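Engineer: Single-letter residue listing:
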Amino acid sequence: QQQVKQSPQSLIVQKGGISIINCAYENTAFDYFPWYQQFPGKGPALLIAIRPDVSEKKEGRFTISFNKSAKQFSLHIMDSQPGDSATYFCAAITSFAGGTSYGKLTFGQGTILTVHP
Amino acid sequence: DTEVTQTPKHLVMGMTNKKSLKCEQHMGHRAMYWYKQKAKKPPELMFVYSYEKLSINESVPSRFSPECPNSSLLNLHLHALQPEDSALYLCASSQGQDNQPQHFGDGTRLSIL
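Quick mapping for you: the protein sequence lines, in order, are chains A and B. With the first letter of the first sequence counted as 1, position 39 gets the number 39 in the numbering used here; the numbers rise by one all the way through. With the first letter of the second sequence counted as 1, position 28 gets the number 1028 in the numbering used here; the numbers rise by one all the way through.
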């Protein structure tokens, strides 16, 4: 019920291509969907996020597409660059029971993206 | 550079040592978190502090002891750790609302000899 399923596990793209990472969830209580980018030796960095009342959000080369009825969301990286090579985690946030001032992050298993020059 | 600062970046300790990990944020966030991350895995939640009070302990062994001295600081005290505790320990913070994103530090790479 709390899982977020992410695919693919790894992805190789040529420079200039489009990288697409997909996530699916079951818990309808999730109400915020962030994506994190993590480079080796660094912590996850918030990349872009979307709320379920929005179907698409774009920030620069990064776009989230959200399909509420299918319980799926995806990250598109346009014009992929070697510097985009990193591990990407989708995530979903829900409140802890009873309403709180903090949220529970449920992560997908991650996608290792390699962009070849 | 992240807005959540963690020290030290690396730590090697023996199983009988006592050490502490430190985390600091100056974004005015009222919720702070400790996560553990193993290689090629997503972060796993350990503790949540909300308004300086421990709110969540995800069944973490007592050899890990969190502390929140004030709204900007979070410590994780370590004692008698096991080799399987070797991991990247991440601190995160978020605004005092339940559906706000969490911002992570770069972590402390901990190795237990």
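The set of hints was computed from the structure by calculation and includes no laboratory data. Be aware that one or more of the hints could be misleading.
Think about it this way: if two alpha-carbon atoms lie no more than 25 Å apart in a straight line, the pair counts; the simulated DSS-like pairs of lysine-lysine are [as the list claims (entries may be wrong)]: (1) K1053(B) / K1018(B); (2) K1053(B) / K1022(B); (3) K1041(B) / K1053(B); (4) K1036(B) / K1009(B); (5) K57(A) / K1009(B); (6) K1019(B) / K1053(B); (7) K1038(B) / K1022(B); (8) K1036(B) / K1018(B); (9) K15(A) / K1038(B); (10) K1053(B) / K5(A); (11) K42(A) / K1022(B); (12) K1053(B) / K1040(B); (13) K1038(B) / K42(A); (14) K1040(B) / K5(A); (15) K5(A) / K1009(B); (16) K71(A) / K1019(B); (17) K15(A) / K1019(B); (18) K5(A) / K1022(B); (19) K1038(B) / K57(A); (20) K1036(B) / K5(A); (21) K1041(B) / K5(A).
To give an idea of the chain A side of the interface with chain B (calculated C-beta under 7 Å), a few residues [what the hints assert, rightly or not]: (22) I20; (23) Y32; (24) P40; (25) K42; (26) L46; (27) D53; (28) G103; (29) F107; (30) G110.
All figures in this text were calculated on a predicted structure; none of them were measured in a lab. C-beta: ideal position from N, C-alpha, C; glycine also.
Engineer: Work down the list of hints and note, for each, if the structure agrees.
Structural biologist: Status of the hints after comparison with the structure:
| no. | hint | result |
| --- | --- | --- |
| 1 | K1053(B) / K1018(B) | holds (23 Å) |
| 2 | K1053(B) / K1022(B) | holds (17 Å) |
| 3 | K1041(B) / K1053(B) | violated (28 Å) |
| 4 | K1036(B) / K1009(B) | holds (14 Å) |
| 5 | K57(A) / K1009(B) | violated (34 Å) |
| 6 | K1019(B) / K1053(B) | holds (22 Å) |
| 7 | K1038(B) / K1022(B) | holds (19 Å) |
| 8 | K1036(B) / K1018(B) | holds (18 Å) |
| 9 | K15(A) / K1038(B) | violated (29 Å) |
| 10 | K1053(B) / K5(A) | violated (32 Å) |
| 11 | K42(A) / K1022(B) | holds (16 Å) |
| 12 | K1053(B) / K1040(B) | violated (31 Å) |
| 13 | K1038(B) / K42(A) | holds (13 Å) |
| 14 | K1040(B) / K5(A) | holds (15 Å) |
| 15 | K5(A) / K1009(B) | violated (31 Å) |
| 16 | K71(A) / K1019(B) | violated (43 Å) |
| 17 | K15(A) / K1019(B) | violated (44 Å) |
| 18 | K5(A) / K1022(B) | violated (32 Å) |
| 19 | K1038(B) / K57(A) | violated (31 Å) |
| 20 | K1036(B) / K5(A) | holds (20 Å) |
| 21 | K1041(B) / K5(A) | holds (13 Å) |
| 22 | I20 | violated (19 Å) |
| 23 | Y32 | holds (4 Å) |
| 24 | P40 | violated (10 Å) |
| 25 | K42 | holds (5 Å) |
| 26 | L46 | holds (5 Å) |
| 27 | D53 | violated (12 Å) |
| 28 | G103 | holds (5 Å) |
| 29 | F107 | holds (3 Å) |
| 30 | G110 | holds (6 Å) |
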